[in-house]
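Asker: Single-letter residue listing:
There are 2 protein chains.
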Amino acid sequence: MTESSYFDADTRVEQTGEGRYQGYIDPGWNIGDNPNGGYLLSVVTSALADVLPHPDPLSVTTHYLRPGTAGVACEVDVELIRTGRTLSTVRARLFQAGKQRLEVMAAYGDLSVPAGITSDITIPAPAIPSPEACFARDGKLQGIELAFAEKIDVMLSPETAVPGGGKAEVSGWIRFHDDRAPDPRALLLFCDSFPPSPFGRLGVLGWVPTIELTVHVRRRPAPGWIKARFVTDDLADGRMIESGCLWDSQEKLVAEARQLGLVRSGD
Amino acid sequence: MTESSYFDADTRVEQTGEGRYQGYIDPGWNIGDNPNGGYLLSVVTSALADVLPHPDPLSVTTHYLRPGTAGVACEVDVELIRTGRTLSTVRARLFQAGKQRLEVMAAYGDLSVPAGITSDITIPAPAIPSPEACFARDGKLQGIELAFAEKIDVMLSPETAVPGGGKAEVSGWIRFHDDRAPDPRALLLFCDSFPPSPFGRLGVLGWVPTIELTVHVRRRPAPGWIKARFVTDDLADGRMIESGCLWDSQEKLVAEARQLGLVRSGD
Numbered sequence: 001m002t003e004s005s006y007f008d009a010d011t012r013v014e015q016t017g018e019g020r021y022q023g024y025i026d027p028g029w030n031i032g033d034n035p036n037g038g039y040l041l042s043v044v045t046s047a048l049a050d051v052l053p054h055p056d057p058l059s060v061t062t063h064y065l066r067p068g069t070a071g072v073a074c075e076v077d078v079e080l081i082r083t084g085r086t087l088s089t090v091r092a093r094l095f096q097a098g099k100q101r102l103e104v105m106a107a108y109g110d111l112s113v114p115a116g117i118t119s120d121i122t123i124p125a126p127a128i129p130s131p132e133a134c135f136a137r138d139g140k141l142q143g144i145e146l147a148f149a150e151k152i153d154v155m156l157s158p159e160t161a162v163p164g165g166g167k168a169e170v171s172g173w174i175r176f177h178d179d180r181a182p183d184p185r186a187l188l189l190f191c192d193s194f195p196p197s198p199f200g201r202l203g204v205l206g207w208v209p210t211i212e213l214t215v216h217v218r219r220r221p222a223p224g225w226i227k228a229r230f231v232t233d234d235l236a237d238g239r240m241i242e243s244g245c246l247w248d249s250q251e252k253l254v255a256e257a258r259q260l261g262l263v264r265s266g267d
Numbered sequence: 001m002t003e004s005s006y007f008d009a010d011t012r013v014e015q016t017g018e019g020r021y022q023g024y025i026d027p028g029w030n031i032g033d034n035p036n037g038g039y040l041l042s043v044v045t046s047a048l049a050d051v052l053p054h055p056d057p058l059s060v061t062t063h064y065l066r067p068g069t070a071g072v073a074c075e076v077d078v079e080l081i082r083t084g085r086t087l088s089t090v091r092a093r094l095f096q097a098g099k100q101r102l103e104v105m106a107a108y109g110d111l112s113v114p115a116g117i118t119s120d121i122t123i124p125a126p127a128i129p130s131p132e133a134c135f136a137r138d139g140k141l142q143g144i145e146l147a148f149a150e151k152i153d154v155m156l157s158p159e160t161a162v163p164g165g166g167k168a169e170v171s172g173w174i175r176f177h178d179d180r181a182p183d184p185r186a187l188l189l190f191c192d193s194f195p196p197s198p199f200g201r202l203g204v205l206g207w208v209p210t211i212e213l214t215v216h217v218r219r220r221p222a223p224g225w226i227k228a229r230f231v232t233d234d235l236a237d238g239r240m241i242e243s244g245c246l247w248d249s250q251e252k253l254v255a256e257a258r259q260l261g262l263v264r265s266g267d
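Protein chains in written order, with my numbering: chain X, 1 to 267; chain Y, 1 to 267.
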């Protein structure tokens with residue numbers, strides 16, 4: 001953990017009581033006028049890392065109750081629900097100005113300790129053009145400002161970078177702009193950093209609020225670029241299910257993600 | 001809702017205080033010595049239906065902290081986190097003998113009210129043999145007693161019903177044995193009623209405990225059989241991700257599910 005990295009500095013929390021933490025929501029992670037949801041969650045996981053005996057987030061579900069506010073403080077409270085030898089289950093909440101923004105439910109364990117049998121069953125990484133042959137994620141895709149492009153490099157595969165190009169899929173690469181190595185906590189952020197996958201089919205979408213996002217971290221990632229693919233499974237009456245996978249530079253599956261989001265308007 | 005159905009009778013709860021309910025865990029829903037997890041969740045959703053202003057479970061995440069105990073009472077407590085015009089977010093917990101068994105986090109809404117744009121993006125139903133050409137789920141597949149086969153008909157596609165048959169996939173059909181019509185609450189149970197999908201590749205697996213299961217209900221189901229497919233995405237060091245889909249008798253996608261489970265031992 002490099003203390004001087006953007007990510008570590010901007011998600012730092014200070015303990016203010018038993019299971020109580022204070023942090024600050026930096027405007028540098030905004031998408032449009034709102035802090036990126038993955039960034040808000042990262043402030044919560046910073047508190048969880050301090051509380052929990054197990055190092056790795058195996059399953060993290062976040063309900064986004066209200067948008068966050070950039071440029072002001074936040075409070076995080078943590079309730080340990082159960083902790084055993086191999087697993088801790090925890091609830092955490094993020095508040096700003098007395099209003100709850102995030103509700104988080106997570107199971108943490110230790111990915112370096114086997115919990116049963118192993119197999120060759122996995123999801124292989126897709127072949128996509130190298131990061132150099134991809135296009136940087138740009139606010140224009142959604143018609144919004146993208147402050148967080150200074151913090152994270154998101155490169156989109158040419159096939160999927162075109163609004164209305166035909167596929168309800170986004171693939172590409174992601175890393176911290178300052179080259180901080182990825183870790184399980186960073187993967188949670190990376191699962192919420194790509195443009196909404198329906199835009200390739202439906203065109204510019206504006207802000208697609210996430211109602212709930214669940215991420216399963218599968219392996220600790222090797223250093224380097226993370227490859228990603230997100231697909232819209234189903235979109236009806238504005239309610240979208242998007243499923244995603246992340247792979248590390250060794251082509252190992254490192255995370256799976258699924259979210260329920262709202263697509264209010266198209267082109 | 002047929003009051004005389006097994007499902008409605010066996011998941012009935014009685015209010016004992018503000019957000020407090022009491023129920024009973026019927027032994028008829030056991031898989032081996034443990035109550036089926038989907039059945040335990042159904043007792044919780046019975047309480048949620050009483051508390052929440054919105055009818056449909058859009059996103060339900062359950063952490064299974066400890067196995068349930070059949071033949072004794074349970075308590076459910078419900079905490080409303082946020083309720084708005086279109087969405088309610090809620091936490092619920094199931095206890096038996098003072099010990100917490102389930103931790104549930106859910107968002108409820110109204111699937112009959114559009115929340116934005118619609119599209120033709122969905123997951124089409126796979127072609128599988130008719131229920132009559134399938135095999136009934138049988139405890140022998142896992143080397144356990146299967147009491148709940150008296151309550152639910154689970155029919156497995158011949159291609160995927162063979163332990164060690166090659167594919168880490170289970171597909172088939174499901175309905176209540178007494179023909180109660182499926183509804184969103186029943187879909188949550190149906191997402192946790194098939195044998196673990198790795199058994200087609202790895203053979204008899206015994207009990208595969210679920211750590212966490214998230215279900216997204218997509219549409220209210222039409223009456224009749226529900227078609228289902230579950231696939232193991234990734235299995236390493238005993239930690240499995242299984243993703244599933246349910247379709248109704250009109251071939252519409254009605255639910256998606258994903259769970260983190262433990263595969264402790266193989267054949």
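Rather than coming from a laboratory, the hints here were simulated on the basis of the structure. It cannot be assumed that every hint is accurate.
Unchecked claim - Per the computed footprint, the stretches of chain X lying under chain Y, defined by three or more beta-carbons under 8 Å from a beta-carbon of chain Y, are: (1) 57-63; (2) 96-105; (3) 115-127; (4) 147-157; (5) 176-182; (6) 189-203; (7) 253-263.
As the list claims (entries may be wrong) - Here are the simulated BS3-like cross-link-like pairs (lysine-lysine), alpha carbons at most 30 Å apart as the crow flies: (8) Lys252/Y - Lys167/X; (9) Lys167/Y - Lys252/X; (10) Lys99/Y - Lys167/Y; (11) Lys167/X - Lys252/X; (12) Lys140/Y - Lys167/Y; (13) Lys167/Y - Lys151/Y; (14) Lys167/X - Lys151/X; (15) Lys252/X - Lys151/X; (16) Lys167/X - Lys167/Y.
Here the structure is a predicted model, which means the values were calculated and not measured. Cβ coordinates follow ideal geometry from the N, Cα and C atoms, glycine included.
Asker: Are the hints correct? Go through all of them and say.
Answerer: We went through each hint and held it up to the structure:
1. Only when three residues or more bring their CB closer than 8 Å to a CB of chain Y does the claim for the stretch 57-63 of chain X stand; here the count is 4, and the claim holds.
2. Residues of the stretch 96-105 of chain X lying with their CB closer than 8 Å to a CB of chain Y number 3, which satisfies the three-residue condition for coverage.
3. With a cut-off of 8 Å between beta carbons, the stretch 115-127 of chain X has 8 residues touching chain Y; three or more are needed, and the interface restraint holds.
4. Counting residues of the stretch 147-157 of chain X whose CB falls under 8 Å from any CB of chain Y gives 0; the rule of at least 3 is not met.
5. Look at the stretch 176-182 of chain X against chain Y: 0 of its residues bring a Cβ nearer than 8 Å to a Cβ of that chain, fewer than three, so the hint is violated.
6. Three residues within the 8 Å Cβ limit are the bar, and the stretch 189-203 of chain X against chain Y gives 3, so the coverage statement holds.
7. Restraint check on the stretch 253-263 of chain X versus chain Y: 6 residues with Cβ-Cβ distances below 8 Å, three needed, restraint holds.
8. Proposed proximity of Lys252/Y and Lys167/X is supported: the alpha carbons are some 21 Å apart, at most 30 Å.
9. Simply put, Lys167/Y and Lys252/X have alpha-carbon atoms about 21 Å apart, close enough for the 30 Å limit, and the pair holds.
10. Restraint check for Lys99/Y and Lys167/Y: not satisfied, since their Cα atoms lie roughly 38 Å apart, outside the 30 Å limit.
11. With a C-alpha separation of about 25 Å, the suggested pair Lys167/X and Lys252/X falls inside the 30 Å cut-off, and the hint holds.
12. Between Lys140/Y and Lys167/Y, the direct Cα distance comes to roughly 18 Å. Compliance with the 30 Å bound is thereby established for this hinted pair.
13. Simply put, Lys167/Y and Lys151/Y have alpha-carbon atoms about 28 Å apart, close enough for the 30 Å limit, and the pair holds.
14. A hinted pair counts as satisfied when its Cα atoms are at most 30 Å apart, and Lys167/X with Lys151/X qualifies at roughly 28 Å.
15. Between the alpha carbons of Lys252/X and Lys151/X the distance comes to roughly 24 Å, so the proposed pair stays at or under 30 Å and holds.
16. For the suggested pair Lys167/X and Lys167/Y, the alpha carbons sit about 28 Å apart, so the restraint of at most 30 Å is met.
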